[in-house]
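A.B. asks: Position chain B against the provided structure of chain A, taking the given hints into account.
The primary structure of each chain is shown beneath.
Protein chains: 2
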Amino acid sequence: MFEERQPVKVAEAVNKVMSFTAKGEKEYIDLMEAEGRYLAEDILADHPIPPFDRSPLDGFAIRSADTNEASKESPVQLTVKETVGAGNVSTAAIGPGEAVRVMTGTIMPKACDAVVMFELADEYVEDGLEKIQIKRRFYPDDNVSKQGEETSEGEVVVKQGSKVTSGVIAVLATFGYDRVPAVKRPVVGIYATGTELLDVNEKLEPGKIRNSNAYMVASQVKEAGAEPLYFGKLADDFDTCYEAVKTKLNDVDALITTGGVSVGDFDFLPEIYTKLGADVLFNKIAMRPGSVTTVAAKDEKLLFGLSGNPSACFVGFELYARPWIKSYLGSPAPYLQVVRGTLTADFPKPNPFTRFIRSKVEYAGNRLYASPVGMDKSQVVTSLAYTDCLAAVPGGSRGYHAGDEVDILLLNPEGSSEPIRDPEKKRSGH
Amino acid sequence: MFEERQPVKVAEAVNKVMSFTAKGEKEYIDLMEAEGRYLAEDILADHPIPPFDRSPLDGFAIRSADTNEASKESPVQLTVKETVGAGNVSTAAIGPGEAVRVMTGTIMPKACDAVVMFELADEYVEDGLEKIQIKRRFYPDDNVSKQGEETSEGEVVVKQGSKVTSGVIAVLATFGYDRVPAVKRPVVGIYATGTELLDVNEKLEPGKIRNSNAYMVASQVKEAGAEPLYFGKLADDFDTCYEAVKTKLNDVDALITTGGVSVGDFDFLPEIYTKLGADVLFNKIAMRPGSVTTVAAKDEKLLFGLSGNPSACFVGFELYARPWIKSYLGSPAPYLQVVRGTLTADFPKPNPFTRFIRSKVEYAGNRLYASPVGMDKSQVVTSLAYTDCLAAVPGGSRGYHAGDEVDILLLNPEGSSEPIRDPEKKRSGH
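Those protein sequences? They're chains A and B, same order as listed.
Using the UniProt record's numbering, read the first sequence as starting at 1 and increasing by one per residue.
Using the UniProt record's numbering, read the second sequence as starting at 1 and increasing by one per residue.
Looking at chain A on its own, in the form it has when it is part of the complex (with noise of 0.2 Å):
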């Protein structure tokens, strides 16, 4: 009854997985909608930035020819003839001896080749007109922002595949995307099996806890990019499971149940992808929690079965079905951000797998650090609260230990509890 299963390393798990490539379709969406979404196309600059010659300060447009002989002991007087904003056109011929008060951002007036700010410009009126002195040489192009000097019309400024981001949403609406060029969401499917499941808002009764994989696991879905559908849960019966996997597959692009891939006499799913024909890519990982977890794939659609046990569900969907997704929606960063960091507390116990650790991170100084968040046991739910990244702890035939250097997979972190200071020389590695 006890079946032996041949673990396979993490890193070879994932390169099956990641071997199915399918990409999702383009669609146009709302500039106002495109937040957190991946490009299904470069952008290309409709216009040149910036769009024409323009006062990069609030100053005097000029003839700089006017400035050749300034200087301190013999200033040039200009005659300022008009004062255009930001969004007019100067509309005055302006002649030699002539200057135009401009803001930043406006249009260079023609016959202007040069901007003189406020501060290096003494105004004075005299006969009623309106005057500036200036006493230095000024030159064509100084302080012009040219045409074009950004970014030339045709180039590409965001790539295919970046996530939209808030400084993605400046660069397409400045390009006039209104309707935003988007890769279509993987549609991926959610079943929690287990007998024992109830709902959220059910009151417990003996030998039953709440479902709460299919909610964190929806959640995950969201955080990846993806459309969760959240099909509900199922007793652990065999003909039940199969009907619903099967008939549910059709309408995913990928499915994930939770639970039910263990050697349990009710974990029907490694049965049921055989049954459905799907090639079973593997189910078992040098790796806990999450041992367990299996994919199958079936016709180009992927099913991942995550364990039943919270961390081991969270852990294998974070390694496997994250970076799925994210190749799914085009990104060229589909993996988890993976840094070297310190340990700060003991596993003793070596394990010949590979072990992926809820911590906290923490940073001080140039160093990242990871603090184990709870207890080591994959049924440990409340400590998911806290957990902001994992500390991969290398299998084999030690312990690991306080100051031990790690690698540490990052998830998301708020942010932090210090203001920033007024950054000051001395703290430079210098």
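Certain hints may be false.
Chain copies aren't distinguished; within one or between two, either way the pair holds.
[Unchecked claim] In the DMTMM-like style, the derived pairs of lysine to aspartate or glutamate whose C-alpha atoms are separated by at most 20 Å in a straight line are:
1) K284 - D422
2) K222 - D30
3) K360 - E414
4) K203 - D30
5) K159 - E27
6) K222 - E414
7) K203 - E153
8) K222 - D178
9) K16 - D299
10) K159 - D388
11) K222 - E35
These aren't lab readings, by the way, just hints derived from the structure by calculation.
In this text the structure is predicted, and so the values were computed from the model without any measurement.
C.D. replies: Chain B only, in chain A's frame:
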């Protein structure tokens, strides 16, 4: 005409903003909508975890006293009376010499006090009865997850002010929070000012540019956890702007304007704040970009006057508006995470003000690097698409160079292009 303003330091400006401590009220929302929200109260365990003594593995529940004499040489035989899966309750009366086949998560049968995993129980059938043979002694509570060993009833499992992540959702579901007490999001109004602004879907015309700041800020407001309310754009006309700001301030918890805070002829915001009777907290900060960032307070509501230059606007939001929003939501970590890392480019020209250089964070080994993503000009918008951190280069008498260690303010990096490796012992610091 040229106005001298007294710059405050960055930390002082942050302190002034954060002295306004308005907090959001509590509202109840659906668990499935709770992602990214902030908890308005401590979350309590409504039951212990585990909720009952249960088996943490697939095996046989036994009376441990039956194995007192068990050894390799003289194994003990037990009769399996029943098979019980998780979610069901054993109903057989279990006497001496009897056992129950149980699965992971099954509530412990009465009279049983230990569990033997499948691997340690030889199964066989004798006289039509299912039997097991055990070759070693088990003690009371061996392989039993005891009620409450993880969490006691009434314990605080997630603290007020926590951001709702997938891990928090798992905990909320476990304890029956189908409705979640969340902090009401502040409504943050947004006006873009500037006669030069076109709507995103309008064709370019001479002297005009498309409004990108409002869309960017709306996205930043969402990223920070608040609700943006975009009121449109305003031409550079004092009365129009004054009436708009005065009226809409009634509908929001804070109002962000972009543009109009410098010293140009049409920079009306400082004057508007004065006419409103608002208290101007500062109108110049010793930072670049964004030195003209102006913040005022009127009846406990904040008016953020951000620069019209996209990058200055971006930085002004992240440094001042973001922490105020997070504080309103009750987050204990309202500030951007600051880490120390290495600058990868030269900034040879000294600047009296601290510069926040739009950069991309890179991780190599246990070091962080900030690579500037574009020209260091506040007008530059396209570099914002690639910005995921700000390198803080201190002001002062000297320039900065590649290799210098600086503060790095982390925004929201996407992840890694590198798949996870199987960590190996030899890569450890030991």
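A.B. asks: Look at each hint and say if it fits the structure.
C.D. replies: Verification of the hints:
no. : hint        : in the structure
1   : K284 - D422 : between (51 Å within a copy, 15 Å between copies)
2   : K222 - D30  : both (19 Å within a copy, 15 Å between copies)
3   : K360 - E414 : both (11 Å within a copy, 18 Å between copies)
4   : K203 - D30  : between (42 Å within a copy, 18 Å between copies)
5   : K159 - E27  : within (16 Å within a copy, 40 Å between copies)
6   : K222 - E414 : both (17 Å within a copy, 14 Å between copies)
7   : K203 - E153 : between (63 Å within a copy, 15 Å between copies)
8   : K222 - D178 : between (24 Å within a copy, 18 Å between copies)
9   : K16 - D299  : within (15 Å within a copy, 59 Å between copies)
10  : K159 - D388 : between (29 Å within a copy, 15 Å between copies)
11  : K222 - E35  : both (13 Å within a copy, 9 Å between copies)
When each numbered hint is compared with the structure, no violation occurs for any of them.
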